[in-house]
Amino acid sequence: MNLSALRELYKEPACSHNAKKETPACPRPTPGRAAGGCSFDGAYISLVPIADCAHMVHGPASCVANTWNNRGSLSSGPSLYRTAFTSDLDNNDVVFGGEKKLFKAVKEIIEKYSPPAIFVYQTCVTAMIGDDIDALCRAVSAKTGVPVIPVDSPGFTGTKNFGNRLAGDALLNHVIGTMEPATPHPFNANLIGEFNIAGELWAVLPLFDRLGIRIICSLSGDSRYHQVAMMHRARANMMVCSRALLNVARRMEEKYGIPFFEGSFYGAANTSDAIVKIAELMGEDGLLEKAKTLCDEERKKITPALEELKTRLEGKRVLLYTGGVKSWSIVGALQELGMTVIATGTRKSTEEDKLRIRELMGDDATMISEGSPRKLLEIFNKYGADVLMAGGRNQYTALKARIPFVDVNQERHVPFTGFDGHVRLAKAVADAIENPVFKLTRKPSPFEAL
Amino acid sequence: MTELNIVDHNGLFKREEYQVSREKKKAFEGCSSADEVQKTIEYSRSEEYKEKNFKREALTINPSKACQPLGAILAAVGFDGCLPYVHGSQGCVAYFRSHFNRHFKEPFAAVSDSMTEDSAVFGGQKNLIAGLKNAHAIYKPKMIAVSTTCMAEVIGDDLNAFIINARKEGSVPENFPVPFAHTPSFVGSHITGYDNMMRGMLFHLTHGITKGAETNRINIIPGFDGYTVGNIKEIKRILGLMGVEHIVLGDNSEILNTPMDGEYRIYMGGTTLDEVKDAMNSKATFSLLGDSTAKVTAETIKKDWGQKYVGDVVPLGVSGTDAFLMKVSEVTGMPIPAELEKERGQALDAIADSNYYLHGKKFAIYGDPSYVEALTDFFMELGAEPKHIVCTNGTKKWGNGLSKKLAAVDFGKKATVHHGADLWQLRSLMATEPVDFLVGNTHGKVMAKELNVPLVRIGFPIFDRHHLHRYPVFGYQGVINLLQWTVNTLMEDLDRNAGEHNYDFVR
Chain A
1 MNLSALRELY KEPACSHNAK KETPACPRPT PGRAAGGCSF DGAYISLVPI
51 ADCAHMVHGP ASCVANTWNN RGSLSSGPSL YRTAFTSDLD NNDVVFGGEK
101 KLFKAVKEII EKYSPPAIFV YQTCVTAMIG DDIDALCRAV SAKTGVPVIP
151 VDSPGFTGTK NFGNRLAGDA LLNHVIGTME PATPHPFNAN LIGEFNIAGE
201 LWAVLPLFDR LGIRIICSLS GDSRYHQVAM MHRARANMMV CSRALLNVAR
251 RMEEKYGIPF FEGSFYGAAN TSDAIVKIAE LMGEDGLLEK AKTLCDEERK
301 KITPALEELK TRLEGKRVLL YTGGVKSWSI VGALQELGMT VIATGTRKST
351 EEDKLRIREL MGDDATMISE GSPRKLLEIF NKYGADVLMA GGRNQYTALK
401 ARIPFVDVNQ ERHVPFTGFD GHVRLAKAVA DAIENPVFKL TRKPSPFEAL
Chain B
1 MTELNIVDHN GLFKREEYQV SREKKKAFEG CSSADEVQKT IEYSRSEEYK
51 EKNFKREALT INPSKACQPL GAILAAVGFD GCLPYVHGSQ GCVAYFRSHF
101 NRHFKEPFAA VSDSMTEDSA VFGGQKNLIA GLKNAHAIYK PKMIAVSTTC
151 MAEVIGDDLN AFIINARKEG SVPENFPVPF AHTPSFVGSH ITGYDNMMRG
201 MLFHLTHGIT KGAETNRINI IPGFDGYTVG NIKEIKRILG LMGVEHIVLG
251 DNSEILNTPM DGEYRIYMGG TTLDEVKDAM NSKATFSLLG DSTAKVTAET
301 IKKDWGQKYV GDVVPLGVSG TDAFLMKVSE VTGMPIPAEL EKERGQALDA
351 IADSNYYLHG KKFAIYGDPS YVEALTDFFM ELGAEPKHIV CTNGTKKWGN
401 GLSKKLAAVD FGKKATVHHG ADLWQLRSLM ATEPVDFLVG NTHGKVMAKE
451 LNVPLVRIGF PIFDRHHLHR YPVFGYQGVI NLLQWTVNTL MEDLDRNAGE
501 HNYDFVR
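First to last, the sequence lines map onto chains A and B.
For the first sequence, this note's numbering assigns the number 1 to the initial residue and increments by one for each residue that follows.
For the second sequence, this note's numbering assigns the number 1 to the initial residue and increments by one for each residue that follows.
Hints listed in this document are in silico derivations from the structure and should not be mistaken for laboratory results.
One thing to keep in mind: the hints can contain errors.
Taking lysine-lysine and the DSBU-like style, the derived pairs with C-alpha atoms no more than 30 Å apart in a straight line are [said to hold, decoys possible]: (1) A:Lys292 <-> B:Lys105; (2) B:Lys14 <-> A:Lys290; (3) B:Lys55 <-> B:Lys445; (4) A:Lys316 <-> A:Lys300; (5) A:Lys277 <-> B:Lys25; (6) B:Lys105 <-> A:Lys316; (7) A:Lys100 <-> B:Lys303; (8) B:Lys362 <-> B:Lys55; (9) B:Lys303 <-> B:Lys397; (10) B:Lys14 <-> B:Lys24; (11) B:Lys25 <-> A:Lys107.
This is chain A alone, in the form it adopts within the complex (with noise of 0.2 Å):
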């Protein structure tokens, strides 16, 4: 990617970072502290979960090695995604040039598993060499037929999160708005940035299906790379979750006049108005009506559950450290369940996630923009927490600190979304602070009486 293109994506003009700086840019990771994902991490994991493409990583095995089917990212069918692609380079392809290598690779991607579309990824180390993937891309695609896809997602470029965008990039230059639906549906919708973590997309989808609302493509968690290609045809967008995929949001408004909202499934009322909210875009009142029906209805019926589990919850304290969207949704989601959320994280936040923190916190809400794990120990000790819920680099922290700990980033085993969800959310967080291990450790041991 040139210098120029790369400037226009750092100055994303609906992302909040930007907002008001003179010289726009997303956060930059500290030399020497502890870093949280790269760029190509970004991008792989946006795209990923697109289950019956091959993702080929250009680049040193290791890029790949280390990620390969390591996410939660479910697929109800074609399982192409979690088989691991590389063009594994060595020393001489450093010195000569990876290209010829990867042109071979990708037609042998195509002979063996002919997929609707291959993904090539582009690191640090193909990047520096010089390695044109574009071209290749487009060589290879004319040649086959078959659609190769540049994602120029080089490590050093920036953040997991600017990786996010480069993929949401790659997608708006070369894949959305390339086919048609076979049948057209006069309600269609796009769920951008819900990666089906734990089976959570499959908590709200027949939800929709009620409604009679096609989701023409969650991006990207289950999707499939023609559903990609036609996201352009929905009638509007949701955001769910983090602002990772905001620019393909953003200029699907541009380009196609879809309009989008960012939304959240975690938390009954969260949920509610999201569901509420696209039929609502859908611009047919008897469809708002029976959404808004649905949702009572389904409100109603997990009402007993989550009374019972408030016994359990209400006051109880939170430490949340997430990003995002996360960081104010499931603070709604939390208080409802009369728990006090007494501190977020809003490291990967923007002004808008935090004005909706100050919303639901108040105006003296702590706000936590750097998460070292000593950190969040100190935050958490200082204001007398009962539970931490944060990813899962640092629950192990958190056990050692004697603290329960809670997952509600990609390795969360359990689907927190929908209105099902807020109740095995609820259960996650009663079952973690009441679990006897905790009991036991913050007793002194018993030979220290003797």
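Chain B: place on chain A using the hints.
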């Protein structure tokens, strides 16, 4: 109390609404008929496909190896107060931390200096200077071990010069140890990285120091070992029973097994600076997994330290443990105590108890070279027969050596060694010539399920089972652990597939 009805998502697609939803989705898949899909799957399991699969030239599918810096930072955390620091792009380190989190179920501290496209153009010196300064201030380590990612290596950053300059700039105090190693991922694998970092440690921490008088101690280097937590403890116990004094170089068994007592530790245990210096005077260094120290570490010990180096004995299996004990006894002159002889007898007894279920069973195995070879020897001790041996990061020399060795023993004659092959090729091998069980890490679970072969989980990484890494696989205790994992996996499989007429209480 109302019963909470929480649906487990594993069972979702048994429900009607989900089956309908899945059918609808097929409209977007533009895919072939079920019949055609089935035919293609069968073709992919054929002899013809296998041949093509092995003719692949450019494409690697499901590689079973990781990269150099992963090995480097596992070596680095084995030293007292040492913070692993990776010079290069940030994402690599995030991957490594997740890898160790998920395998050891432990926090893992490691930092990066987050090079970006500016550094790609101008070099990474600025990042290193700022990074060392920040890391030193924030994490308060006793030493910082620097390794590199591909990015720094492609640019050709000179760590030695950069670190000297960082010192001049006051990033770290003058005498603060900053051992380093160049660890490009496009060369070798994680075991190469372990080797480079271990050498970096030993070289930098003892450089310019004169050797003292020789002691009767031995040094132990654990190597890149997913079982380090159990193995090191066990090796220390064995050496204790023999009365052999020892220094473990790169003892990461404590930091990867910290207690839940309310304190989160970044550092715990590990080899101290003084111990490393003292290790120069030991009688010999035993590298328990020779593949992890084969090149530069071995060289440093032999040449720079002028010390005996033993890198060809893995204390795994009965014969492997025998050979280790004999060698230790030979080097130190200390006898092997009756206690260990008794343990040996107990291990043999256990093997005899289970031999009926293992004799003649064919198996496939993949992993790192030293482990694969030692485990193959062990399984042959049980009467099992290796069939497919795959080692993505095995060299040609290693592969040929093992082939020759296996051809000469009765139980090894059916084996073929595929060094440099990947797991997609192993799938072809298992589909065309089936085996009774598969030995390897978590990455084998998909093919094991597809081909209905029980997977005995031994290796690194193991993400999908808990606590296996806490057990030793070395020594006679290790024999019993390996044996029970294997035989009980086979018995579980037997029960799962048994008809009612064969669902026995006594196995």
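Self-check item: Restraint status (C-alpha distance of Lys362 (chain B) to Lys55 (chain B) at most 30 Å)
Solution: Status holds; Cα separation ~25 Å.
Quiz item: Is it true that the CA of Lys55 (chain B) sits at most 30 Å from the CA of Lys445 (chain B)?
Solution: Distance of about 25 Å is within 30 Å: holds.
Quiz item: Given the hint that Lys14 (chain B) pairs with Lys290 (chain A), does the C-alpha gap stay at or below 30 Å?
Solution: holds, 27 Å
Exercise. Could you grab the alpha-carbon distance between Lys25 (chain B) and Lys107 (chain A) and see if it respects the 30 Å cut-off?
Key: holds, 28 Å
Quiz item: Holds or violated: Lys100 (chain A) with Lys303 (chain B), Cα cutoff 30 Å?
Solution: violated, 42 Å
Quiz item: Regarding the pair Lys316 (chain A) and Lys300 (chain A), is the alpha-carbon distance no greater than 30 Å?
Solution: holds, 24 Å
Quiz item: Under the criterion that the straight-line Cα-Cα distance not exceed 30 Å, is the pair Lys292 (chain A), Lys105 (chain B) satisfied?
Solution: This hinted pair is violated, its Cα atoms lying about 44 Å apart.
Exercise. Measure nothing beyond the straight line between the CA atoms of Lys277 (chain A) and Lys25 (chain B); if it is 30 Å or shorter, mark the hint as holding.
Key: holds, 24 Å
Quiz item: For the pair supplied as a hint, Lys14 (chain B) and Lys24 (chain B), is the alpha-carbon distance within the 30 Å limit?
Solution: holds, 16 Å
Quiz item: For the pair supplied as a hint, Lys303 (chain B) and Lys397 (chain B), is the alpha-carbon distance within the 30 Å limit?
Solution: holds, 23 Å
Exercise. Decide if the proposed pair is consistent with the structure: Lys105 (chain B) and Lys316 (chain A), CA atoms, cutoff 30 Å inclusive.
Key: holds, 27 Å
Hints 1 and 7, counting from the list given before, are not met by this structure.
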